[in-house]
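Q: Construct all of the structure, not just a fragment, from the sequences and the given hints.
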Amino acid sequence: MTDADRDLVIVGDSAFAEVAHEYFEAFAGMRVRAFAVERAHLTRDTLRGLPVVPFETLAQTHPPDAHRLHVAIVYTQLNRLRARLAAAGEAMGYRLASFVSPRAFVSPSARIGAHCFIFEDNVIQPCVEIGRNAVLWSGNHVGHHSRVGDNVFVSSHVVVSGFCTVGDHCFLGVNSALADRTELGADCWVGPGSVLSGQVAAGQMFRVADTAPSRVGTRRFFRLGDAP
Numbered sequence: 103m104t105d106a107d108r109d110l111v112i113v114g115d116s117a118f119a120e121v122a123h124e125y126f127e128a129f130a131g132m133r134v135r136a137f138a139v140e141r142a143h144l145t146r147d148t149l150r151g152l153p154v155v156p157f158e159t160l161a162q163t164h165p166p167d168a169h170r171l172h173v174a175i176v177y178t179q180l181n182r183l184r185a186r187l188a189a190a191g192e193a194m195g196y197r198l199a200s201f202v203s204p205r206a207f208v209s210p211s212a213r214i215g216a217h218c219f220i221f222e223d224n225v226i227q228p229c230v231e232i233g234r235n236a237v238l239w240s241g242n243h244v245g246h247h248s249r250v251g252d253n254v255f256v257s258s259h260v261v262v263s264g265f266c267t268v269g270d271h272c273f274l275g276v277n278s279a280l281a282d283r284t285e286l287g288a289d290c291w292v293g294p295g296s297v298l299s300g301q302v303a304a305g306q307m308f309r310v311a312d313t314a315p316s317r318v319g320t321r322r323f324f325r326l327g328d329a330p
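Per our numbering, the sequence shown starts with residue 103, numbered consecutively.
Note that these hints are calculated values from the structure, not bench results. Honestly, I wouldn't trust all of these hints.
Distance ranges between label pairs, derived from CB positions [claimed, not checked]:
{"id": "1", "residue 1": "Ala-193", "residue 2": "Thr-320", "range": "54 to 62 Å"}
{"id": "2", "residue 1": "Val-318", "residue 2": "Cys-229", "range": "19 to 27 Å"}
{"id": "3", "residue 1": "Asp-282", "residue 2": "Arg-309", "range": "18 to 26 Å"}
{"id": "4", "residue 1": "Val-318", "residue 2": "Arg-283", "range": "41 to 49 Å"}
{"id": "5", "residue 1": "Thr-145", "residue 2": "Ala-314", "range": "34 to 42 Å"}
{"id": "6", "residue 1": "His-247", "residue 2": "Pro-315", "range": "38 to 46 Å"}
In this text, a Cβ means the ideal position worked out from N, Cα and C, and glycines have one as well.
A: And the structure:
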């Protein structure tokens with residue numbers, strides 16, 4: 103691996119950027135040289151001992167012929183911010199870097215698009231297609247013959263069953279599930295714990311009702327002696 107392949111700039115300075123910094127260096131053999139943030143949102147000079155530089159002048163400080171780029175931003179605007187900055191980086195001449203954890207299972211017949219971040223303990227079964235610019239946080243299952251579109255964010259412990267389609271720009275919350283052959287339209291927000299099946303129109307939002315606390319608290323129920 104040449105220096106131009108190993109040296110990396112991470113776009114963003116959020117918690118995800120810090121996680122990406124550690125993962126790229128610890129598990130992908132890459133060297134993060136800087137973080138970059140759009141000038142209007144630049145609030146600090148350093149992060150984790152590295153410079154935080156304006157994205158607009160990144161090509162001058164960290165040239166694209168010597169650095170790769172990864173946009174470590176979560177699902178803001180249904181992943182459109184991440185997609186916009188990745189496209190802007192490519193237009194500046196940067197090659198986008200992906201991360202696939204060595205602890206993820208990716209079937210040999212699965213296909214993964216450019217600029218993805220796939221965490222540990224994901225299972226990506228045979229004949230799965232993952233689009234561009236997707237994030238799969240830890241512990242998900244993507245079943246055989248399913249397609250996850252471009253610019254999708256899958257949080258943790260999500261089940262996508264076999265023969266499913268997840269449209270572009272969707273968000274799948276923690277512990278959500280798609281039953282076999284579900285077709286989820288673009289721009290859907292699937293909240294934590296939601297279970298969907300069948301055909302789902304684009305632009306839908308699903309939220310499981312918040313769990314209300316019992317009128318009897320734990321101290322009274324368990325007779326702890328100090329119940330109010």
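Q: Run every hint past the structure and note whether it holds.
A: Checked hints:
| no. | hint | result |
| --- | --- | --- |
| 1 | Ala-193 <-> Thr-320: 54 to 62 Å | holds, 56 Å |
| 2 | Val-318 <-> Cys-229: 19 to 27 Å | violated, 51 Å |
| 3 | Asp-282 <-> Arg-309: 18 to 26 Å | holds, 23 Å |
| 4 | Val-318 <-> Arg-283: 41 to 49 Å | holds, 43 Å |
| 5 | Thr-145 <-> Ala-314: 34 to 42 Å | holds, 38 Å |
| 6 | His-247 <-> Pro-315: 38 to 46 Å | holds, 42 Å |
Hint compliance for this structure: hint 2 alone is broken.
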